[in-house]
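**Q** Below are the chains, spelled out letter by letter.
2 protein chains.
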Amino acid sequence: MITIEQNNTINNYRLNPAQILVLGFASIILLGAILLNLPIASKTGESVGFVNSIFTATSAVCVTGLVVVDTGTYWTMFGQIVILMLIQIGGLGFMTMATLVAFVIGKRISLRERLIMQEALNQFNISGLVRLTKHILFTTFIIEGIGAFFLYLKFIQEYEAPKAILFGIFHSVSAFCNAGFDLIGEGRSLTPYVDDILVNVIIWLLIVIGGMGFTVIMDLLTFKKFSRLTLHTKLVLSITGILILTGFAFSFIVEFNNPDTLGNLSIKGKLLGSMFQGITPRTAGFNTLPMDKLRMASKFFIIILMFIGGSPSSTAGGIKTTTVGVLILSIISIIRGKNDTEVFNRRIAKDVINRALAIAVIGMLWVAVVTMILSITEANKDFLDIFFETVSAFGTVGLSLGITSKLSLIGKLVISLTMFAGRVGTLTIVFALGRKQQNNKGLIRYPEGKVMVG
Amino acid sequence: MITIEQNNTINNYRLNPAQILVLGFASIILLGAILLNLPIASKTGESVGFVNSIFTATSAVCVTGLVVVDTGTYWTMFGQIVILMLIQIGGLGFMTMATLVAFVIGKRISLRERLIMQEALNQFNISGLVRLTKHILFTTFIIEGIGAFFLYLKFIQEYEAPKAILFGIFHSVSAFCNAGFDLIGEGRSLTPYVDDILVNVIIWLLIVIGGMGFTVIMDLLTFKKFSRLTLHTKLVLSITGILILTGFAFSFIVEFNNPDTLGNLSIKGKLLGSMFQGITPRTAGFNTLPMDKLRMASKFFIIILMFIGGSPSSTAGGIKTTTVGVLILSIISIIRGKNDTEVFNRRIAKDVINRALAIAVIGMLWVAVVTMILSITEANKDFLDIFFETVSAFGTVGLSLGITSKLSLIGKLVISLTMFAGRVGTLTIVFALGRKQQNNKGLIRYPEGKVMVG
Ligand SMILES: [K+]
Ligand SMILES: [K+]
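If you're matching them up, the sequences are chains A and B in order.
Residue -6 is where the first sequence starts when you use our numbering, and the numbers rise one by one after that.
Residue -6 is where the second sequence starts when you use our numbering, and the numbers rise one by one after that.
Worth double-checking, as some hints may not be accurate.
[Claimed, not checked] In silico DSS-like links for lysine-lysine, alpha-carbon gap of 25 Å or less:
| id | chain 1 | residue 1 | chain 2 | residue 2 |
| --- | --- | --- | --- | --- |
| 1 | A | Lys405 | A | Lys292 |
| 2 | B | Lys286 | A | Lys374 |
| 3 | B | Lys292 | A | Lys292 |
| 4 | A | Lys405 | A | Lys374 |
| 5 | B | Lys286 | B | Lys399 |
| 6 | A | Lys127 | A | Lys217 |
| 7 | B | Lys405 | A | Lys292 |
| 8 | B | Lys292 | B | Lys374 |
| 9 | A | Lys343 | B | Lys343 |
| 10 | B | Lys374 | A | Lys292 |
| 11 | A | Lys374 | A | Lys399 |
| 12 | A | Lys286 | A | Lys399 |
| 13 | B | Lys217 | B | Lys127 |
| 14 | A | Lys261 | A | Lys286 |
| 15 | A | Lys374 | B | Lys292 |
| 16 | A | Lys405 | A | Lys36 |
| 17 | B | Lys292 | A | Lys399 |
| 18 | B | Lys261 | B | Lys292 |
| 19 | A | Lys374 | B | Lys374 |
| 20 | B | Lys343 | B | Lys331 |
| 21 | B | Lys147 | B | Lys261 |
| 22 | A | Lys227 | A | Lys343 |
| 23 | A | Lys405 | B | Lys292 |
| 24 | A | Lys292 | B | Lys399 |
| 25 | B | Lys343 | A | Lys331 |
| 26 | B | Lys374 | A | Lys286 |
| 27 | A | Lys36 | A | Lys156 |
| 28 | B | Lys331 | A | Lys343 |
Calculated from the structure, these hints are not laboratory results.
Isolated chain A (complex conformation) (with noise of 0.2 Å):
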């Protein structure tokens, strides 16, 4: 009896897996925080205040890209080095960061560790888990190297070489990891490149090959045939290719005469513009049109990509797409009358899409909880702007209608905890909060009982 209970005890006072990742993120916010709030990061030499510093930290670890003040206004070059260095630790994740530090340190990596990492990567073994972690270090520094190289090329023509540099950096990291960080200033995001040929290009790259997940760009570079592909790969290029062009086609169609959007700019322009609203809701952030400017229909529109995401065991947030992929999937299954889900000539486990089911149904009541606790302490607002905040914090996206700065003070902790839960995924934080799966057998269960849904 009292061995029993001792075990218990022992039970309750050890971290889950996932207990030990939101605490570790959580830490991360917290310093970050305390580095943002001191007066050398602002450039008035005046503290942002706490709030904001944990709101500015938490969306910068979770690479979402809400700001309550200007990035490349307001922080000195030392606090814009500090969310940039929050930005990559976020991005790659912490379980990463820390196994580079176990790496170069030559600690051994015990299996416990290794299990953590796996729910920080959400990957399938944990074979080869350590050799993985390398690789992702290794390829995002040369993506992140690349794309910064040829920003620079272009922020070069415009400021002197440090601004250059740290320009062409920050922005390359930004859009590698999703997080929608920009020095642009005046909360202008991208929108004097909106018809640069280079920017986009090397943005839009930055921002697909970062939310398609490490595991598809390992799978990608070994330069198989399609058809040799994973099928997770193939669902997560199919799906990010149908999400991209329907955003495009959508944009370019119903914006082609807005005037306060595409209606003005060139054809050229008008391409480029679309296209980066296609790939932007991947929970990139950065936007080179005036969102707020946007028609309904394009804002709701935006909403639902954003809701969806990028890919898994990427620096993307939302639902993701495969999760989507998995339920149309399913959905045209029943439609067909078939027993079984199948794609690529695979059939796809019914586990699998109950847990694609589950994430749908948590993310969509999570956003609708939020959104009705800020229609309340955000009552002045209008309701798509609270619910495309919502989405877009959730989402990790980091688009805004522009009511981040004006949220109250509830409406920011609110917002910053939605990032929060975005990040580290729904699932994740159900399962933290919950308690040691219990063993089942041995244990009276319950019999069946009948219950009509729907």
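Given the coordinates of chain A, work out where chain B with the ligands should sit on it, guided by the hints.
**A** The following block gives chain B with the ligands in isolation, referenced to the frame of chain A:
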């Protein structure tokens, strides 16, 4: 080979129960629309136009209550009686009516017809279904009769006898069938009776009893102790109770000092008005407060309640109380780390949970697509108004922030289709669209592929 071909052809021409259900409802709507399109249906002596007739007939048969022309002001007594009959037919379900006809003319009911009824009533067993149908009709007419009598006692104080009788019957049927049509005139719904106890209590009871579902009513009519009731009844009663009390408390707090709604009412009026707000989203569609004057938070809260709606096998719409209950219980069981979802000492089967998830996701997809279409066709209107209208149509609720009559032609057709889908059930539509369930035995089954979601 030829034999197989022929079999397939026969199977293709044979309608499945779901298809018969959909076609049956559609036929009744068409018949209703033809009658309402007649000049004698309208007080102006001129036809209301076919799209408006289709809209009104769909709204009546689908017991929604959204109206493009005010029921009390525009239609003649002929038109109002057509609407009353469409509501009664829709509410009871045309399959129950068909059973009545079969019962009256003494025709034996085939197994095939019983299966169709099963689909319509969403029942567990075929046996006893004919008996149940008789009970349904008997119980419905008794309850509606009692309701009509009490409402008559109120209306006779204001109108002459024939009108008071029609008003009593019409509003009793409309409330029990959760139809939400009213004859009060000038689009006021029941606002003149916001602080009238008799009208409030009678309408509450009719709405709640009608929205619980026939199985629950039957179960309750045996007058057992709560613990002896079926799991389904317990769930319906608990969740309905929670939803009503939550809606009541929310309205009372949020609208307490809103001068356009509860603000200028006495405490009695405030309590009655809030209670009505808690009950009417159980897809009734009546209102005693001006909906467009509610605070933003109240509007969004009602959207959520409308989406949930009433209980299965009732006259109510929405994704249903039990669906939401099962989902919440399932999420709680995940948090608690339990394998089984349990409630009232019973375990809920995995496939019920999956079905609930599918219903919720398909419902949200449908609402998202319709809102998307309307935000293009109704670009001049407010997003919250459009979203509210869409969910109201999907949940066959009938509440509106005032845009129904101002909808564009496409908007009216899309809302009609949404009411239809909401009534016959999105899943039924999906199955109706689908082919016969394929037998996978003997076919090649694809190997399972790995996909990460979320
Ligand atoms: K972002
Ligand atoms: K209704």
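**Q** All hints are to be evaluated individually against the structure, with a verdict given for each.
**A** Status of the hints after comparison with the structure:
For the given pair, lysine 405(A) sits about 22 Å from lysine 292(A) by alpha-carbon distance, which is consistent with the 25 Å threshold. Distance check on the hinted pair: lysine 286(B) and lysine 374(A) sit about 16 Å apart at the alpha-carbon level, within 25 Å; holds. A distance of roughly 20 Å separates the Cα atoms of lysine 292(B) and lysine 292(A); the hinted pair therefore holds under the 25 Å criterion. This hinted pair checks out: lysine 405(A) and lysine 374(A) have alpha carbons roughly 14 Å apart, not beyond 25 Å.
Annotation: proposed proximity of lysine 286(B) to lysine 399(B) holds, straight-line Cα distance about 18 Å (limit 25 Å). For the proposed pair lysine 127(A) and lysine 217(A), the alpha carbon gap of about 22 Å is at most 25 Å, so the pair holds. Restraint check for lysine 405(B) and lysine 292(A): satisfied, since their Cα atoms lie roughly 23 Å apart, inside the 25 Å limit. Using a Cα cut-off of 25 Å, the hinted pair lysine 292(B) and lysine 374(B) holds, with the two alpha carbons roughly 16 Å apart.
Note on lysine 343(A) and lysine 343(B): the hinted pairing holds, with a Cα-Cα distance of about 11 Å set against a maximum of 25 Å. Of the supplied pair hints, the one linking lysine 374(B) and lysine 292(A) holds, its CA atoms being roughly 14 Å apart against a limit of 25 Å. Restraint check for lysine 374(A) and lysine 399(A): satisfied, since their Cα atoms lie roughly 9 Å apart, inside the 25 Å limit. A threshold of 25 Å between alpha carbons decides the hint, and for lysine 286(A) with lysine 399(A) the separation of about 18 Å falls inside it, so the pair holds.
A C-alpha spacing of about 22 Å is found between lysine 217(B) and lysine 127(B), which places the hinted pair at or below 25 Å, so the restraint holds. Between lysine 261(A) and lysine 286(A) the alpha-carbon distance is near 20 Å, which keeps this suggested pair within the 25 Å criterion. Annotation: proposed proximity of lysine 374(A) to lysine 292(B) holds, straight-line Cα distance about 14 Å (limit 25 Å). Distance hint between lysine 405(A) and lysine 36(A) is fulfilled; the C-alpha atoms sit about 22 Å from each other, no more than 25 Å.
At most 25 Å may separate the alpha-carbon atoms for a hinted pair to count; lysine 292(B) and lysine 399(A) meet this at roughly 22 Å. A C-alpha spacing of about 22 Å is found between lysine 261(B) and lysine 292(B), which places the hinted pair at or below 25 Å, so the restraint holds. Between the alpha carbons of lysine 374(A) and lysine 374(B) the distance comes to roughly 17 Å, so the proposed pair stays at or under 25 Å and holds. For the suggested pair lysine 343(B) and lysine 331(B), the alpha carbons sit about 13 Å apart, so the restraint of at most 25 Å is met.
Proposed proximity of lysine 147(B) and lysine 261(B) is supported: the alpha carbons are some 18 Å apart, at most 25 Å. Pair hint lysine 227(A) plus lysine 343(A) holds up; C-alpha atoms about 19 Å apart against a cutoff of 25 Å. Of the supplied pair hints, the one linking lysine 405(A) and lysine 292(B) holds, its CA atoms being roughly 22 Å apart against a limit of 25 Å. Taking the CA atoms of lysine 292(A) and lysine 399(B), the gap is near 22 Å; set against the 25 Å cutoff, the hint holds.
Distance restraint check for lysine 343(B) and lysine 331(A): the Cα-Cα separation of roughly 19 Å lies within the 25 Å cut-off, and the hinted pair is therefore satisfied. About 16 Å separates the Cα atoms of lysine 374(B) and lysine 286(A), which keeps this hinted pair within 25 Å; it holds. At most 25 Å may separate the alpha-carbon atoms for a hinted pair to count; lysine 36(A) and lysine 156(A) meet this at roughly 16 Å. For the proposed pair lysine 331(B) and lysine 343(A), the alpha carbon gap of about 19 Å is at most 25 Å, so the pair holds.
In summary, this structure violates none of the numbered hints.
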